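One line per chain: the protein sequences are A and B, in this order.
Residue 126 is where the first sequence starts when you use this note's numbering, and the numbers rise one by one after that.
Residue 126 is where the second sequence starts when you use this note's numbering, and the numbers rise one by one after that.
Honestly, I wouldn't trust all of these hints.
Unchecked claim - Quick look at which bits of chain B chain A covers, simulated, 3 or more residues with Cβ under 8 Å:
id, region
1, 143-149
2, 193-204
3, 225-233
4, 283-297
Claimed, not checked - Here are some chain A residues the structure puts well away from chain B; computed CB gaps all over 12 Å:
id, residue
5, G245
6, A256
7, L261
8, P314
9, V320
Unchecked claim - Calculated pairs, DSBU-like style, for lysine-lysine (alpha carbon to alpha carbon, straight line, at most 30 Å):
id, chain 1, residue 1, chain 2, residue 2
10, B, K170, A, K267
11, A, K241, B, K164
12, A, K267, A, K170
13, A, K164, B, K267
14, B, K127, A, K267
15, B, K267, A, K127
16, B, K267, B, K160
17, A, K127, A, K160
18, B, K164, A, K200
19, A, K160, A, K267
20, A, K170, B, K267
21, A, K200, B, K318
22, A, K267, B, K164
23, B, K127, B, K160
24, B, K267, B, K127
25, A, K267, B, K318
26, A, K153, A, K200
What the hints contain is simulated information worked out from the structure, not anything from laboratory work.
On a predicted model such as this, the values are computed, not experimentally measured, just so you know.
Note that the Cβ used here is the ideal one computed from N, Cα and C, for glycine as well.
Protein chains: 2
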Amino acid sequence: MKLHLFERSGNAYKLRLLLSMLNLPYDKVLLDPAKGELKSAAFLKLNPRGQVPVLEDGGEVFWESTGAMVYLARKFGGETWLPSDAAGLAQVMQWMAFAQNEVLFGLQWARAVVLKLRGGDVEEYRGYGRAGLAILEQHLAKNAWLALNRTTIADIANYPYVSLAPEGGIALEPYPAVLAWVSRVQALPGWIKRV
Amino acid sequence: MKLHLFERSGNAYKLRLLLSMLNLPYDKVLLDPAKGELKSAAFLKLNPRGQVPVLEDGGEVFWESTGAMVYLARKFGGETWLPSDAAGLAQVMQWMAFAQNEVLFGLQWARAVVLKLRGGDVEEYRGYGRAGLAILEQHLAKNAWLALNRTTIADIANYPYVSLAPEGGIALEPYPAVLAWVSRVQALPGWIKRV
Chain A
126 MKLHLFERSG NAYKLRLLLS MLNLPYDKVL LDPAKGELKS AAFLKLNPRG QVPVLEDGGE
186 VFWESTGAMV YLARKFGGET WLPSDAAGLA QVMQWMAFAQ NEVLFGLQWA RAVVLKLRGG
246 DVEEYRGYGR AGLAILEQHL AKNAWLALNR TTIADIANYP YVSLAPEGGI ALEPYPAVLA
306 WVSRVQALPG WIKRV
Chain B
126 MKLHLFERSG NAYKLRLLLS MLNLPYDKVL LDPAKGELKS AAFLKLNPRG QVPVLEDGGE
186 VFWESTGAMV YLARKFGGET WLPSDAAGLA QVMQWMAFAQ NEVLFGLQWA RAVVLKLRGG
246 DVEEYRGYGR AGLAILEQHL AKNAWLALNR TTIADIANYP YVSLAPEGGI ALEPYPAVLA
306 WVSRVQALPG WIKRV
């Protein structure tokens with residue numbers, strides 16, 4: 126198994142976390158965005174977006190994090206990280222979609238503007254991200270984990286850009302249940318630092 | 126089964142399409158956004174986002190479209206619309222994530238600004254949406270459907286806001302393979318108009 130990444134990438138971190146928690150060996154293919162290695166013809170053939178992560182396993186290629194996490198969890202994680210029954214699978218995928226919505230396009234895009242990685246209206250992104258944090262806070266005040274009362278890939282998918290929200294100018298102190306959940310994720314067996 | 130919606134909603138349209146294609150009976154709960162019915166205490170209890178669609182079936186509640194489509198496909202669609210093997214499931218979820226990324230935060234948000242449903246930088250959204258259309262065009266020039274060489278929920282999830290892109294000021298004529306795919310979706314048994 127091969128993971129194309131650069132170490133600071135929050136989206137690649139989702140896969141590094143899951144691979145570590147599942148105790149799966151893999152090879153890292155390190156890319157340097159500053160050298161244009163994400164936009165090379167060879168890499169664009171793997172991923173038309175020109176982004177990391179890309180996961181390769183046998184003949185399969187996954188060029189974004191949601192599909193890659195689903196693949197790893199379903200293939201190697203038994204019923205634990207992603208169940209196969211309709212309702213359980215859908216509850217996890219609902220919170221995976223949340224990670225692609227308020228968390229990515231709110232919290233992470235605000236951070237990306239601050240870090241000068243993209244343009245756009247930072248206050249618009251912050252507002253969208255804070256609306257997401259309010260939903261998370263309400264949910265996590267009553268539930269230890271996002272879906273099914275246990276750790277699933279939904280927690281791993283949401284964790285990186287929630288925990289990095291302060292880098293986008295969004296303090297997490299107003300969201301104590303979110304902070305407590307961040308600590309619980311960081312205490313999971315196999316948790317690793319991003320950098 | 127109960128679907129909370131208003132008829133013009135593109136996200137609710139994804140579920141109406143899938144329910145129609147699966148030939149499943151359901152009750153519509155029609156809400157009027159102009160009357161504040163999405164922000165009532167009762168509705169916010171079902172969906173903290175205050176948005177449609179919400180799908181209820183037995184005791185299960187799904188408050189966004191991805192999870193609800195996964196639920197319907199896995200419970201009622203056999204292996205056709207969403208397979209259960211790791212690689213197949215992940216390929217479909219990859220394109221479901223695409224519908225939540227370039228398509229929603231590019232094409233649909235550009236449309237939402239034009240229709241005065243939200244603020245933000247319309248040119249930023251259009252640029253992001255066009256980058257998504259370029260990826261779709263490249264893929265659909267070689268593949269009839271988004272995942273697994275057959276119709277899956279990935280096609281149904283991407284179709285509404287791709288086909289509505291012109292309402293956001295994004296012409297589809299530069300993307301002939303995308304237009305041909307839109308026509309193929311519209312020719313599927315059970316396809317219905319949005320309004």
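Unsatisfied constraints (hint numbers, rising): Hints 1, 4, 5, 6, 7, 11, 12, 16, 18, 19, 21, 24, 25 contradicted; others consistent.
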